[in-house]
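Participant: Given the coordinates of chain D, work out where chains W and V should sit on it, guided by the hints.
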Amino acid sequence: MKKIILSALVLFFCSLLLKAQKDYKVVFDLTSGDSLSQQTAIRWVTEVSKADPNAQVEVVMFGKGLPLVIKDKSVMADAVTNLATNKNVSFKVCAVAMANQKVDKSQLLPGVQTVPDGIYEIVSKQHEGWGYIKVAH
Amino acid sequence: MKKIILSALVLFFCSLLLKAQKDYKVVFDLTSGDSLSQQTAIRWVTEVSKADPNAQVEVVMFGKGLPLVIKDKSVMADAVTNLATNKNVSFKVCAVAMANQKVDKSQLLPGVQTVPDGIYEIVSKQHEGWGYIKVAH
Amino acid sequence: MKKIILSALVLFFCSLLLKAQKDYKVVFDLTSGDSLSQQTAIRWVTEVSKADPNAQVEVVMFGKGLPLVIKDKSVMADAVTNLATNKNVSFKVCAVAMANQKVDKSQLLPGVQTVPDGIYEIVSKQHEGWGYIKVAH
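Chains as they are written, first to last, in this note's numbering: chain D, 2 to 138; chain W, 2 to 138; chain V, 2 to 138.
With the rest of the complex left out, here is chain D (with noise of 0.2 Å):
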């Protein structure tokens, strides 16, 4: 009885392990702010939720990525507002890169979160098995 407990516990462990590996995730890493890298995550971020509406997608920002999501900054404010409201899109920005550049939460883009440690966002993401993706061009 106890070995059958124990391979199912086993077996059950296994399965989330693998199941984490089928599922469409993905956390692209955002360090740039220049306008062509706001355009390529977002279409990045647009394509990925086409592909697959099913698809999760977290845009983390961090160091010199958080003008995407900063309001008289970004230059894909609309389409970030926008894909905030899918329940599959997330864009995180790292605190302490806010904290750094003196910038407040109310100057943030609706629907855009914050995370304690942008770094620590991404590597927890890819624990679970999340797909990661460093945004560049």
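Certain hints may be false.
Below 25 Å or equal to it, Euclidean Cα-Cα: the simulated BS3-like pairs (lysine-lysine) are [to be verified]: (1) V:K65 / D:K65; (2) D:K74 / W:K65; (3) W:K65 / D:K65.
Quick look at which bits of chain V chain W covers, simulated, 3 or more residues with Cβ under 8 Å [to be verified]: (4) 73-81; (5) 102-115.
Restraint-style ranges between C-beta atoms, simulated for each label pair [what the hints assert, rightly or not]: (6) V:T47 / W:H138: 21 to 27 Å; (7) V:D24 / W:P117: 33 to 39 Å; (8) W:Q114 / V:D105: 37 to 43 Å; (9) V:T47 / D:D53: 36 to 42 Å; (10) W:A96 / D:N87: 22 to 28 Å; (11) V:Q108 / D:D105: 42 to 48 Å; (12) W:D73 / D:K51: 26 to 32 Å; (13) D:D53 / V:S107: 50 to 56 Å; (14) W:D35 / V:K103: 21 to 27 Å; (15) V:T47 / W:K106: 43 to 49 Å; (16) D:K51 / W:Q114: 49 to 55 Å; (17) V:Q114 / D:H138: 45 to 51 Å.
I should point out that these hints are in silico values taken from the structure, not numbers from a laboratory.
Every residue, glycine too, gets a C-beta built ideally from N, C-alpha and C.
Facilitator: For chains W and V alone, kept in the frame of chain D given last:
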């Protein structure tokens, strides 16, 4: 008896997971098209193959990364054509990027493959235990 | 009895896999040598270490990323030397890149290590469950 089968099954799945983590498999993400990026990608692929002839290497191109494998744009055409004959090396272009940029299959160097979605290709490889390296300089 | 041993073995392997996914471990991939890239790498390493003193951080340099740890080229020499004394932080340079660029071990800052193959080092860390972040700006 059932328990043995169950255990064996579990062991099999786990060993698959562990096995996937031991080989030298790497997917390069190329989204820049300048000459130096092209040269960098080819140098890294070449060096990995030299370090371990059994290493599996894949270069996925999307965004602005297509020139490396386009006949009249590549500055590394011979190297790409040559490396693509190696069964452990593959070059895969995103079909969405090709359509967006009006690149036809006939313009690709010999041996270059296409994938429906370059980002999904990369994410899938990561899920299968391949390492990921963003090409940049 | 055999079944118990088998199950225990399986559970052990799975728990290893799960355990590897919980800690804060991150490998930074640095392939740019400009001052801003050097500063960015050091800022991120410093911030991760500050956020969690037990976090394990490794910076792997290959391609054009070597200047950060070369005595007469680094703009962050003091920070590198200082961080390298932290047992949870390491700087590892690719020996292939060193040979290609005629950099001798004697030119490296104190505490900086070498690895035979920088790409393999990064891929191995990813396989062991470390998060991966490409340094870029």
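Participant: Hint by hint, say whether it matches the structure.
Facilitator: Hints, one by one, checked against the model:
no.	hint	result
1	V:K65 / D:K65	21 Å, holds
2	D:K74 / W:K65	24 Å, holds
3	W:K65 / D:K65	21 Å, holds
4	73-81	violated (count 0)
5	102-115	violated (count 0)
6	V:T47 / W:H138: 21 to 27 Å	24 Å, holds
7	V:D24 / W:P117: 33 to 39 Å	36 Å, holds
8	W:Q114 / V:D105: 37 to 43 Å	41 Å, holds
9	V:T47 / D:D53: 36 to 42 Å	38 Å, holds
10	W:A96 / D:N87: 22 to 28 Å	24 Å, holds
11	V:Q108 / D:D105: 42 to 48 Å	45 Å, holds
12	W:D73 / D:K51: 26 to 32 Å	30 Å, holds
13	D:D53 / V:S107: 50 to 56 Å	53 Å, holds
14	W:D35 / V:K103: 21 to 27 Å	25 Å, holds
15	V:T47 / W:K106: 43 to 49 Å	48 Å, holds
16	D:K51 / W:Q114: 49 to 55 Å	22 Å, violated
17	V:Q114 / D:H138: 45 to 51 Å	32 Å, violated
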